[in-house]
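Colleague: Below, each chain spelled out in residue letters.
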Amino acid sequence: MIDARAAIIRAHHEEWARVVASLAKRFGDLDIAEDAAAEAFATAVQRWPADGVPPNPGAWLTTTANRKAVDRIRREHKRRDKQREAMMLTDDAPPEPTGAIDDDRLRLIFTCCHPALGMEARMALTLRLVGGLTVPEIARGFLVQESTIGQRITRAKGKIAAARIPYRVPSARDLPARIGGVLAVLFLVFNEGYLATGPDTDPVRADLTAEAIRLTRLIRELLPHDGEVTGLLALMLLTEARRPARVSAQGALVPLVEQDRDAWDHALIEEGHRLVRERLASGVAPGRYQLLAAINAAHTDARDARDTDWSQVVALYDQLVRLDPSPIVALNRAIAIAELEGADAALQIVDRLGDALDGYHAFHATRAELLRRLGRREEARAAYDRAIALAGNTAEVATLSRRRDDLADAVSGTDRAGRERGSGSSSRGGGGGSSSGGGSGSDS
Amino acid sequence: MQYLVSVIDDKTNSGTAEEMVAIDEFNDRLRAGGHWVFAAGLADPSTSTVIDGRGEVPVFTDGPFIESKEHMAGFWIIEAPDLDVALALMADGSKACNRRLEVRPILMPEA
Numbered sequence: 001m002i003d004a005r006a007a008i009i010r011a012h013h014e015e016w017a018r019v020v021a022s023l024a025k026r027f028g029d030l031d032i033a034e035d036a037a038a039e040a041f042a043t044a045v046q047r048w049p050a051d052g053v054p055p056n057p058g059a060w061l062t063t064t065a066n067r068k069a070v071d072r073i074r075r076e077h078k079r080r081d082k083q084r085e086a087m088m089l090t091d092d093a094p095p096e097p098t099g100a101i102d103d104d105r106l107r108l109i110f111t112c113c114h115p116a117l118g119m120e121a122r123m124a125l126t127l128r129l130v131g132g133l134t135v136p137e138i139a140r141g142f143l144v145q146e147s148t149i150g151q152r153i154t155r156a157k158g159k160i161a162a163a164r165i166p167y168r169v170p171s172a173r174d175l176p177a178r179i180g181g182v183l184a185v186l187f188l189v190f191n192e193g194y195l196a197t198g199p200d201t202d203p204v205r206a207d208l209t210a211e212a213i214r215l216t217r218l219i220r221e222l223l224p225h226d227g228e229v230t231g232l233l234a235l236m237l238l239t240e241a242r243r244p245a246r247v248s249a250q251g252a253l254v255p256l257v258e259q260d261r262d263a264w265d266h267a268l269i270e271e272g273h274r275l276v277r278e279r280l281a282s283g284v285a286p287g288r289y290q291l292l293a294a295i296n297a298a299h300t301d302a303r304d305a306r307d308t309d310w311s312q313v314v315a316l317y318d319q320l321v322r323l324d325p326s327p328i329v330a331l332n333r334a335i336a337i338a339e340l341e342g343a344d345a346a347l348q349i350v351d352r353l354g355d356a357l358d359g360y361h362a363f364h365a366t367r368a369e370l371l372r373r374l375g376r377r378e379e380a381r382a383a384y385d386r387a388i389a390l391a392g393n394t395a396e397v398a399t400l401s402r403r404r405d406d407l408a409d410a411v412s413g414t415d416r417a418g419r420e421r422g423s424g425s426s427s428r429g430g431g432g433g434s435s436s437g438g439g440s441g442s443d444s
Numbered sequence: 001m002q003y004l005v006s007v008i009d010d011k012t013n014s015g016t017a018e019e020m021v022a023i024d025e026f027n028d029r030l031r032a033g034g035h036w037v038f039a040a041g042l043a044d045p046s047t048s049t050v051i052d053g054r055g056e057v058p059v060f061t062d063g064p065f066i067e068s069k070e071h072m073a074g075f076w077i078i079e080a081p082d083l084d085v086a087l088a089l090m091a092d093g094s095k096a097c098n099r100r101l102e103v104r105p106i107l108m109p110e111a
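As they're listed, the protein sequences go chains L and Z. The first sequence runs contiguously to residue 444 in the UniProt record's numbering. The second sequence runs contiguously to residue 111 in the UniProt record's numbering.
None of these hints come from the bench; they were simulated from the model. Backbone N, C-alpha and C fix where the C-beta goes; we use that ideal spot for every residue, glycine too.
Cross-link-like lysine-lysine pairs, in silico, DSS-like; alpha carbons within 30 Å at most:
{"id": "1", "chain 1": "Z", "residue 1": "69", "chain 2": "Z", "residue 2": "11"}
{"id": "2", "chain 1": "L", "residue 1": "78", "chain 2": "L", "residue 2": "68"}
{"id": "3", "chain 1": "L", "residue 1": "25", "chain 2": "L", "residue 2": "159"}
{"id": "4", "chain 1": "L", "residue 1": "159", "chain 2": "Z", "residue 2": "95"}
{"id": "5", "chain 1": "L", "residue 1": "159", "chain 2": "Z", "residue 2": "69"}
{"id": "6", "chain 1": "L", "residue 1": "68", "chain 2": "L", "residue 2": "25"}
Per label pair, the in silico range of CB-to-CB distance:
{"id": "7", "chain 1": "Z", "residue 1": "102", "chain 2": "L", "residue 2": "225", "range": "31 to 37 Å"}
{"id": "8", "chain 1": "Z", "residue 1": "44", "chain 2": "L", "residue 2": "218", "range": "50 to 56 Å"}
{"id": "9", "chain 1": "L", "residue 1": "174", "chain 2": "Z", "residue 2": "36", "range": "20 to 26 Å"}
{"id": "10", "chain 1": "L", "residue 1": "161", "chain 2": "Z", "residue 2": "54", "range": "27 to 33 Å"}
{"id": "11", "chain 1": "Z", "residue 1": "36", "chain 2": "L", "residue 2": "267", "range": "53 to 59 Å"}
{"id": "12", "chain 1": "L", "residue 1": "168", "chain 2": "Z", "residue 2": "44", "range": "39 to 45 Å"}
{"id": "13", "chain 1": "L", "residue 1": "174", "chain 2": "Z", "residue 2": "104", "range": "19 to 25 Å"}
{"id": "14", "chain 1": "L", "residue 1": "6", "chain 2": "Z", "residue 2": "72", "range": "55 to 61 Å"}
{"id": "15", "chain 1": "L", "residue 1": "136", "chain 2": "Z", "residue 2": "12", "range": "48 to 54 Å"}
{"id": "16", "chain 1": "Z", "residue 1": "50", "chain 2": "L", "residue 2": "119", "range": "32 to 38 Å"}
{"id": "17", "chain 1": "Z", "residue 1": "107", "chain 2": "L", "residue 2": "263", "range": "56 to 62 Å"}
{"id": "18", "chain 1": "Z", "residue 1": "77", "chain 2": "L", "residue 2": "173", "range": "25 to 31 Å"}
{"id": "19", "chain 1": "Z", "residue 1": "104", "chain 2": "L", "residue 2": "50", "range": "49 to 55 Å"}
{"id": "20", "chain 1": "Z", "residue 1": "36", "chain 2": "L", "residue 2": "356", "range": "46 to 52 Å"}
Build out the structure end to end from the sequences listed, making use of the hints.
Modeller: Written out as structure tokens, the structure is:
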């Protein structure tokens, strides 16, 4: 039973986009592709625990989804077009071999990120159809209601079909202009993987971060001279590199300053730094992802957290704020300000963001941390409570609860100074780097 | 696949001679590429009449059905295999007529 469940989760991470992409290509309809893929996974949930996991789960899912799609089309055509039904009967071909359809996924991405769709619709659609995230997961990433996300996806699919948005990779001429929306979406997918939501999910969904990195690498192969593609890849690598040190054996998130830097993936860090240097050498003014990558390079450059060049980090955030004046960027800049100028200066900035970020757990977690450092414990406790209530990530909830409970110990007067020192000067210092304007910030 | 392309304008009779030349050249390109179906400019919205023939006696009302700052000053109906082709074509059309355009698919009877 456990094996089947694990296999389904794994297959969902690995095969979802392939199944949807191949169905979309074959049937020319995203709605059919999504529904048939979802039905195939639902069938797997029923059958695999009893029948056993098939030797090739991906092929099983693709075949099953193809049958579901053909069934649906037959049902619909039976009502109005017997001739077409007969045609569909002969079209029950075996699925394409795995590996040959990577381009289908790219095609799916560009269709989901089409400029005729609103940016929010593109993100929701890509996370659903390519990332395989559920509507509740997407809603949390965007900080909006589930019904809003559901409507965005339905409306976007309707427009793609009615206006005949093509299912293809754009021409070389159009490619650069189309890439920005794709990168924004991939970054959000990455963040969803890096700080996964849902009470029963792993705190880090490595398959999703790996998928975002894989697709970003693929786009970099197509567009090697696009600075933002390179910047985003560097940002993802430098964030992913810290993953091994990010969750403790007890399942809590380990803040950047407390992480065991020897556990970081130094090959990924080296690759990320090389990409950042490549962009610096280009002499072209950096975009948002290149700045975020440079911030992460500054963090991962320090052998010890205390060696972090905070003035450089703040300077990079100042540049970033000019490009992206969103409250989440301002929040992360404030975290760097706390290191450079102190918690008081940072808290003044953070408090001005309350209207925009009141529903965002990281806002309250940051406030709590700053209040704790300023000795305002009752306010800190209230802020931790708010952050815990809003946080969707299991490890994050564990971490925030631990910090809140530490606060209680400190209030009771035991070993306060030691704890203050031990918990590090900033729990969210790194943070900054990998947070996105998309709303799904990650912080260690 | 056919698309209705509306010309968005906030003034009336605002077209210039240069724009007319550019539009003619653009229309020739549409015809040469097999994308032309129809195009026309429209008279001032104040010249329109709304008809309601649903009752026993038709009712005619002066003026456009919706009052707005911007109106449809003209339109194309174009033939294009998909939205990307329509958008690429009409980006040039927007340049030619020096106006913003709205592209909207025309519903076709199912094949």
